Amino acid sequence: MHKALILAASPQHTERALAASQTYGLAYGGVSSPDHAPTEYAFVLWYADDGVSLLNRTQPKQGSIRVDFSTGTADYRRQHGGGRGELIAKAVGIKKDYTPHIMDATAGLGGDAFVLANLGCTLQLYERAPIAHALLQDGLVRALQTADIAHIAAR
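Read in order, the letters of the sequence shown are residues 3 to 157 in our numbering.
Just so you know, the hints here were simulated from the structure itself, not pulled from any lab data. All figures in this text were calculated on a predicted structure; none of them were measured in a lab. For every residue, glycine included, the Cβ atom is placed at its ideal position computed from N, Cα and C.
Pairwise CB distance ranges, derived in the manner of DEER restraints:
no., residue 1, residue 2, range
1, Ser34, Val94, 34 to 44 Å
2, Val143, His82, 18 to 28 Å
3, Thr124, Glu17, 28 to 38 Å
4, His103, Thr41, 39 to 49 Å
5, Val94, Ala149, 25 to 35 Å
6, Leu20, Gly87, 41 to 51 Å
Taking the hints into account, I'd like the entire structure generated from these sequences.
Structure below.
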């Protein structure tokens with residue numbers, strides 16, 4: 003019971019959810035609530051008005067996972083982080099007059115990449131895990147539509 007199912011919250015999300023199902027090779031369950039998903043699916047990738055979320059049905063208290071660069075930890079780090087003194091900045095060799103172009107082959111949910119982009123680096127992100135890729139892609143699309151951080155997400 004570790005399979006994932008893609009669901010759309012409403013008909014307006016069907017096209018994106020169905021395209022994701024085909025891209026990632028995950029089952030598509032149509033328009034439905036995660037509560038009504040077949041029990042053999044432990045995870046639901048939920049396409050809704052507020053973006054894409056991952057729900058772990060085996061641990062409902064855990065809550066959903068969603069990539070959002072405009073609020074929470076990412077926003078706090080952007081506004082109050084350690085800047086060039088952050089360990090990730092030192093690890094990639096950022097200097098006062100040098101901001102490298104970085105290829106992140108294990109992008110995950112994009113936390114480190116967003117910090118580096120905020121410091122002026124340009125990035126190429128790759129994520130092999132289908133669910134992480136879907137969450138990251140959605141978070142970046144929404145970030146590009148958010149005035150405060152669009153310039154960072156564009157890097």
